[in-house]
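**Student:** Protein chains in written order, with numbering that gives the first Met the number 0: chain D, 0 to 340; chain Z, 0 to 140.
Don't read these hints as lab results, they were simulated from the structure.
In this text the structure is predicted, and so the values were computed from the model without any measurement.
Please note that a few of the clues may not be correct.
[As the list claims (entries may be wrong)] Using 27 Å as the maximum straight-line C-alpha spacing, the simulated DSS-like pairs for lysine-lysine come out as follows: (1) D/Lys328 <-> D/Lys13; (2) D/Lys261 <-> Z/Lys101; (3) Z/Lys3 <-> D/Lys242; (4) D/Lys95 <-> D/Lys209; (5) D/Lys101 <-> D/Lys13; (6) D/Lys242 <-> D/Lys252.
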Amino acid sequence: MRVITDMMAFGADKVPQWNTISISGYHIREAVSTAVQELAFTLGDGFAYVEAGIAAGMDVDSFAPRLSHFFNSHLDFFEEVAKFRAARRIWARRMKNKYGAKDPRSWLLRFHTQTAGCSLTEQQPENNIVRTALQALAAVMGGTQSLHTNSMDETLALPSEKAVKIALRTQQLIAHESGVPYITDPLGGSWYVEWLTNTMEDEAEKYFSKIDELGGMIRGIEDGFFQREIGRAAYEYQQALEKEERIVVGVNKHVEEAEDLKIPLLYIDESAGEEQAERLSALRARRADPAPLLGSIRAACENGENLMPHLIEAAKGDATLGEIVNAMKDVFGEYREAAEF
Amino acid sequence: MERKIRILICKPGLDGHDRGAKVVASTLRDAGFEVIYTGLRQTPEMIVRDAIQEDVDAIGLSVHSGAHLTIFSRVMGLIDKEGAGHILVTGGGIIPDQDMPKLTGMGVGRMFRPGARSDEYIAYLEDEIGRRRLEREAQEV
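For reference, chain D alone in the conformation it holds in the complex:
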């Protein structure tokens, strides 16, 4: 939280056009949460950051316009569109009513979307192009500001050039050929999408009440509440697949035995790690001793000075990420998640 509030304060003061943080639900959904959990837990995190900023003495309108969100887009098309719509409604309402934001830009929920890696299959990987296209379309119809489309081969390897290009072309096709981006909220007014948006808002509100009962987001994380909720959803999802209550083409229906893989795959061998280790040793040999820079990070952690200028100086002085993080750990300690399943 300290790093977050320092980043928001530094951004507001020194780099006002910078999106200070990307409040992520992507990893939550990739751990196979439900759409409602992704919605509620991501916004819950966002509100916790807003509260921390206010508690650190900042005016909410000084940092809120530069907050940005990061969502997943999964396969249930209308549910995804409704999730994005519900997120915007909840954010605007709370920022205005609960946190007293007056600048309309603080009410806007701007977001990036990445299609769902966890929805892709190793079986018949070319089908993943279609999955990604549907997910990307849902994100655009839901009003995303930016988009990442996954490559078809991501369950097999790091993506090949060909797979990445098709993923990029999928976006370009939606942008230039589908006509969809020219309309704002094209599904607004559809009885089904409006009903679903309302339902998801209500479900998210139930989670917010639960989080309040638990004593807030941080307590919820420490108690393992979110990890358990998401883990349970992931297990139920897998059970539904195995019982064929949920169909995934190529995995539990329309399966092809003895598949012949026809796409190129990128192969990275162990030399990649060795080369990086060599680059790192060379850097360590030629740079000036970073100890004073790391010392100033430790001092700032302790005395409450904004950390950002110290982190930037350390990076300029070729301190490694590991060294920088370890300097902060010396003061703050380290979070360890309880190993629950």
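We have chain D already, so just place chain Z on it with the hints.
**Tutor:** Structure of chain Z alone, referenced to chain D:
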């Protein structure tokens, strides 16, 4: 089988993709296995130490980071050093075809990739561990 199968499910290194490990842990528990889950960011040393202390039949390593060859070879080296060759080392994740023979060559058991069904890996563990237990008993007699 008279004694329940004990398995250590692990996430080595900095790889945070733990959904598969957790789902497999839950599935094995429901299938009657005794499951110990290490949580994230384990070193090969921690994994082999835990496996020996917990007297497990098998170690299941989940690797999505691309570091599987390095990690499995270190784990196998430590297993060998500790004389714990009776422990089956198996796992899953994003493992390219061309690395499969290399893992087999190290003595690693079957690997399970995305889309693997629970009945497949449960049957594999029961068969392989049953076989290893019989072998061990035969040696002890």
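**Student:** State for each hint whether it applies.
**Tutor:** Structure-based check of each hint:
1. D/Lys328 <-> D/Lys13: 26 Å, holds
2. D/Lys261 <-> Z/Lys101: Within the cut-off at roughly 23 Å; holds.
3. Z/Lys3 <-> D/Lys242: 25 Å, holds
4. D/Lys95 <-> D/Lys209: 22 Å, holds
5. D/Lys101 <-> D/Lys13: Roughly 22 Å separates the two Cα atoms, so the pair holds.
6. D/Lys242 <-> D/Lys252: Given that 27 Å is the threshold and the Cα spacing comes to 11 Å, the pair holds.
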